[in-house]
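**Q** Residue strings, one per chain:
2 protein chains.
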Amino acid sequence: MAVAASPYFLLLFLFHSLAALASLAPPPSQPPPPRVPQKVQVWPKPVSISWPLPAYAPISPSFNIRASPSHPSLRHAIAYYTRLIRTERYTPIMPPVNYTVSGVPIRLLALSVSDPDVPLGPGVDESYTLSVPPNSSSADISAATPWGIIRGLETFSQLAWSSGAADASGQPIVPSEIEISDHPLFTHRGILLDTARNYYPVRDILRTIRAMASNKLNVFHWHITDSQSFPIVLPSVPNLANFGSYSPVMRYTDQDVRRIVRYAGAFGIRVIPEIDMPGHTGSWAGAYPEIVTCANKFWAPTAKPALAAEPCTGQLNPLNPKTYRVAEDVLRDLAALFPDPYLHAGADEVNTACWEDDPVVRGFLADGGSHDRLLELFVNATRPFLVHELNRTSVYWEDVLLGPKVSVGQTVLPHDTTVLQTWNNGAENTKRIVAAGYRAIVSSASYYYLDCGHGGWVGNDSRYDVQEKEHDGMPLFNDPGGTGGSWCAPFKTWQRIYDYDILHGLTEDEARRVLGGEVALWSEQSDAAVLDGRLWPRASAAAETLWSGNKGSNGRKRYANATVRLNEWRYRMVARGIRAEPIQPLWCPMHPRMCNLSQ
Amino acid sequence: MAVAASPYFLLLFLFHSLAALASLAPPPSQPPPPRVPQKVQVWPKPVSISWPLPAYAPISPSFNIRASPSHPSLRHAIAYYTRLIRTERYTPIMPPVNYTVSGVPIRLLALSVSDPDVPLGPGVDESYTLSVPPNSSSADISAATPWGIIRGLETFSQLAWSSGAADASGQPIVPSEIEISDHPLFTHRGILLDTARNYYPVRDILRTIRAMASNKLNVFHWHITDSQSFPIVLPSVPNLANFGSYSPVMRYTDQDVRRIVRYAGAFGIRVIPEIDMPGHTGSWAGAYPEIVTCANKFWAPTAKPALAAEPCTGQLNPLNPKTYRVAEDVLRDLAALFPDPYLHAGADEVNTACWEDDPVVRGFLADGGSHDRLLELFVNATRPFLVHELNRTSVYWEDVLLGPKVSVGQTVLPHDTTVLQTWNNGAENTKRIVAAGYRAIVSSASYYYLDCGHGGWVGNDSRYDVQEKEHDGMPLFNDPGGTGGSWCAPFKTWQRIYDYDILHGLTEDEARRVLGGEVALWSEQSDAAVLDGRLWPRASAAAETLWSGNKGSNGRKRYANATVRLNEWRYRMVARGIRAEPIQPLWCPMHPRMCNLSQ
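Chains as they are written, first to last, in full-length UniProt numbering: chain A, 1 to 599; chain B, 1 to 599.
Possibly wrong hints are sitting among the right ones.
Pairs count within a copy or across copies, as identical chains cannot be separated in the list.
[Stated by the list, open to error] List of simulated lysine-lysine pairs, BS3-like, C-alpha gap at most 25 Å:
id, residue 1, residue 2
1, 39, 431
2, 469, 431
3, 551, 39
4, 45, 297
Please keep in mind that the hints were generated in silico from the structure rather than gathered at the bench. These numbers come from a predicted model, not from an experiment.
Whenever a hint applies, use it, and build me the whole structure from the sequences.
**A** Following this line, the structure appears as structure tokens:
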């Protein structure tokens, strides 16, 4: 059945949305500009697409997905994508014109996995090929592992779109005679979510994981605890949450955790838990005051060095043996709840004044000890347990090796069981880490910290009380320019994130040690009320660059093209119930290239 | 019935929420710090509160509100606040301790209005007194006008709070033996919402108005149209929306408008419509191409002056008589739909290159004309109609008088029927306006523009493609510091907004001409998905400063105290279904003063 597109369809485009925001990707009423032929709209952009003709095939109402043989690890994904592909009616802002819908309705999406038993973990093969052969009621996805299959399923769901019509012509269609071959550049593509500065209900974490799956992000780095709160109920040490959580209803039980891990796993998303230590542990002092130094103190006492990088103090005392009994219980419980081979133990921002608040520490230092030695003690008393008894790879923040204040030597951090995560100094610190022989996860604040540029949050801050500019026209603290209170200002736009080359300046050898990157949402000024807008679509920008890069086939940065595609993708995410922020006025995607900086 | 509070209540505090975010104001599980005696928590803070004892009276389950005599203008508010006060169960983050609940349950809130027929408009009396006498089942609100009554009703709703218990002790209680006397410093306290760069469904506008009422904001400045879109369907000139709206479902019909105006009016909120002219009118070109210069052109052509301040070009041609026929139809329709005495006609950012794109304009200029003269022509051909036929006060942006590029003289803008709205140069431009004898609405971008600090949004922008800092350590375009692409960076925090003294540097005489202020949400990167977080609670900060100032009884800025109260207020707004962003980690309100910058 051939149906030529006509202006009638343009006028009839209704945008049916699964979410309440039904009116966000509308049929245009402004006169359409000359159209660029519609390309395939999949985010992240697949590595290789072959689609010779603008031909489409409809999705049959009885569309289903089958893996042969069936695999438990694919069961959830099959159910999810079957429902999504059958029911989603997404009409692009700029739908294609001049295409044919021909051929047999697609009734079956057949999945073939070569190695179905490969467990989810670091470095798994996520490649897939997808094909919609001509004149066939079947389409195919093949992959080495179930995780590649899941990536392919997401791609297939984005190939489908609807004209929006209420009749049969509104049934979704997919490109026909298309072959896609796809695989990620980096195996570690993540989001860090801080659930300690502010709490996020389980449903918001689940929705975030679903959104990650839509973007082929595959690591949920859960920064569970910090000085401000300890929300996770650990069976061996439940008092950490009893005293450390914000309230009884702001906790994650083991049931919650298993649910999240299971849900993520069903999408091929690893959950890497982080219980930050020895810094950032003020919240442990409710249950175990004896093992936390400088707890419950004002963070920045007058005329003295600050006890912490931000309000809420407390660090684990490396000189108290009880510290290690508690830490081991914590790590053991964590390993039981989180099956991932990686376990993140933090070790960022160790504050010397906080340790020195303890008399035993002061004695140790007076006897010739050092803060470096204290940290080394701590790492040596926890890391081997994590690595050898719990059989995990340890992940730490860059500080543990790079400082600048407190650090340990490389002998304390064997390369084969240590991964380091960057956050300062952009490409410089990545270089330092990989040049030292370590694997790196890149989270440079100046590119990937999603909380930057939102002003400061400490109270009683007179620096905001400014009524004029300076006499010489230089900006004051807050206006114009200036940080506005945010240490890592300015706000990182999606373009800034997209353009970041995490391998910048590295040799080939060094580059091999970069596992990938994570955008980070620190939650001092974020919680469930604003979560989606904070994450999306900026995390999508990183998702594409880490999956298939940020360059076009001509070798040049493709951010202009990405703007067009990200606009569409943003609206599709909204339709899927993710309240992503808009990146431009809607006028812009409706008028391609007219909102560029230059012609 | 006296019920002493006990730790039991603390542990039982459950936070029932009208919204889905039920877990956001929790019973604390961390050990409570020494408590400051609970003050009355009303935002904005009332001018005068007398409450000698920490005594409370319960709200009876049969609580109702009655005005004697009844007034049509109060009918909706009475219904709304009756339902709210009966059903809301808000438990503060830091509830009071050591109080008594005694006295008779309050069954009636009696309203007395001296001048019930005063219509809603500029400068109406919004003062009220509120009293909860001891041992009485009635409380009272008295005011000169219905609008004062509505302010008092909101205050009463915030006086009420709940212990959270499931039994009768969970019934809300209000302070007993309390007298409040309250009135605003400024009569114009508003939010500007731009619904042209991106569209907002009616329900999101209604929710915003409800949130405004909660904050005693009283002006909704609706920036309805701009170059990018023209969403309002005007009966005389429907093609402006037919061709200018983003889509048939992204419009505001006259029914929509009446609904919004009525809903706002029921809360004592004025709706001031703005149809920006002669700049910002690219969207008119679909219907009337002949009256728009430089329409549909690339905004920043290579090696030429830009045709507009941002992508999407077009300005009304002052030399085409048809311009005025259309403009008059627009203004007439607007006046029919919006009853407010003020009508905003824009006149900001007139671009000379855009006008010069027209050959007739070029001829005019070559014959000795000027851009100033063109603007003067336009204003003289539209403003008198607005003022004398439609009987409105005209509101314009400061540009029309101050330029810097194109402006008119004071004789074109009679003081008694012209109000000017500032947006540049902070206190300086306010001074210039009021010193010239005009009334001012203050919206200084460097304090009140809510969109600042979110990076830039134009596409194909290579300035974000930066992998390193500069050699000399100076910040590059984007990091660290720098604008990050936003012309008015950095982000304006609530503290920045709160601390702004809109009368800074003015004489007493000049200050009298400042009507008040408006925070502005320009929507290039905002729509319904993120609206609440963009507005709230930052608009609340302006709401208090404009209602009762930003200074304590000691004459000093009270932002530290405001932090405590705004934290509580933020959570209450969330409970009322407004997805306001958090201003701090939840740890902070739970540990008063511990998150301050200094002790």
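**Q** If a hint holds in the structure, say so; if it does not, say that too.
**A** Quick rundown of the hints versus the structure:
no. : hint      : result
1   : 39 x 431  : neither (37 Å within a copy, 54 Å between copies)
2   : 469 x 431 : between (40 Å within a copy, 15 Å between copies)
3   : 551 x 39  : within (17 Å within a copy, 58 Å between copies)
4   : 45 x 297  : neither (50 Å within a copy, 30 Å between copies)
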